[in-house]
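J.: Sequence:
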Amino acid sequence: MESHLDTGASDYVKGFIASLILTVIPFYCVWAKVLPDAATYVVLFGCALVQIFVHFKYFLHMEVKTPEGQWNFVSLMFTAIVVLILIAGSIWIIYNMNVNMKL
Numbered sequence: 001m002e003s004h005l006d007t008g009a010s011d012y013v014k015g016f017i018a019s020l021i022l023t024v025i026p027f028y029c030v031w032a033k034v035l036p037d038a039a040t041y042v043v044l045f046g047c048a049l050v051q052i053f054v055h056f057k058y059f060l061h062m063e064v065k066t067p068e069g070q071w072n073f074v075s076l077m078f079t080a081i082v083v084l085i086l087i088a089g090s091i092w093i094i095y096n097m098n099v100n101m102k103l
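For the sequence shown, the positions run 1 to 103 when my numbering is used.
Hint data in this document are derived by calculation from the structure and do not stem from the laboratory. Errors might be hidden in some of the hints.
Stated by the list, open to error - In the SDA-like style, the derived pairs of lysine to any residue whose C-alpha atoms are separated by at most 25 Å in a straight line are:
1) K33 <-> C47
2) K14 <-> K65
3) K14 <-> G46
4) K14 <-> V43
5) K57 <-> Q70
6) K57 <-> I81
7) K57 <-> P26
8) K57 <-> W71
9) K33 <-> F45
10) K57 <-> G69
11) K14 <-> I52
12) K57 <-> S10
13) K14 <-> H61
14) K14 <-> F56
Stated by the list, open to error - Using C-beta positions, here's what the derived DEER-type ranges look like:
15) L60 <-> S90: 25 to 31 Å
16) F53 <-> S10: 14 to 20 Å
17) L76 <-> F27: 24 to 30 Å
18) T66 <-> F45: 29 to 35 Å
Idealized CB from N, CA, C, for every residue including glycine.
From just these sequences and the hints, can you work out the full model?
T.: Below you can see the structure in the form of structure tokens.
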């Protein structure tokens with residue numbers, strides 16, 4: 001019988017290995033210049049996006065199958081929306097201050 005502790009440890013190892021691979025791939029692409037710049041950016045962005053989901057699944061345990069996991073996901077989405085509104089609003093205000101500045 002497998003205990004909960006063993007399952008958690010194997011999940012952390014899987015997450016670590018996936019994170020390591022998703023870090024080495026873009027590093028190698030940039031370091032060895034094996035792809036054109038545009039393709040390197042796509043690989044970098046793609047690996048970063050996949051790594052976000054790996055961290056959510058294996059390290060933050062964001063499972064949407066349980067009611068608690070669904071609430072955690074809703075909280076995460078709300079936080080992301082608030083952060084995006086704050087960043088976009090700050091950029092908008094600073095841009096308008098720059099445009100309207102009379103020198």
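J.: Next, verify each hint and record whether it holds.
T.: Tested hints:
The straight-line distance between the Cα atoms of K33 and C47 is roughly 16 Å, inside the 25 Å bound, and the hint therefore holds. Distance hint between K14 and K65 is fulfilled; the C-alpha atoms sit about 20 Å from each other, no more than 25 Å. Pair hint K14 plus G46 holds up; C-alpha atoms about 19 Å apart against a cutoff of 25 Å. For the suggested pair K14 and V43, the alpha carbons sit about 21 Å apart, so the restraint of at most 25 Å is met.
For the proposed pair K57 and Q70, the alpha carbon gap of about 13 Å is at most 25 Å, so the pair holds. For the suggested pair K57 and I81, the alpha carbons sit about 20 Å apart, so the restraint of at most 25 Å is met. Between K57 and P26, the direct Cα distance comes to roughly 21 Å. Compliance with the 25 Å bound is thereby established for this hinted pair. Only pairs whose Cα atoms come within 25 Å are accepted, and K57 paired with W71 is accepted, the gap being roughly 15 Å.
As the CA atoms of K33 and F45 are separated by approximately 16 Å, the hinted pair is consistent with the 25 Å bound. Note on K57 and G69: the hinted pairing holds, with a Cα-Cα distance of about 11 Å set against a maximum of 25 Å. Pair hint K14 plus I52 holds up; C-alpha atoms about 14 Å apart against a cutoff of 25 Å. With a C-alpha separation of about 13 Å, the suggested pairing of K57 with S10 holds against the 25 Å cut-off.
For the suggested pair K14 and H61, the alpha carbons sit about 13 Å apart, so the restraint of at most 25 Å is met. Proposed proximity of K14 and F56 is supported: the alpha carbons are some 13 Å apart, at most 25 Å. At about 27 Å, the CB distance of L60 to S90 agrees with the hint of 25 to 31 Å. In this structure the supplied range 14 to 20 Å holds for F53 paired with S10, their Cβ-Cβ distance being about 18 Å.
A hinted range of 24 to 30 Å holds for the C-beta pair L76 and F27, which are about 28 Å apart. About 31 Å separates the C-beta atoms of T66 and F45, a value consistent with the hinted range of 29 to 35 Å.
In this structure, every one of the numbered hints holds.
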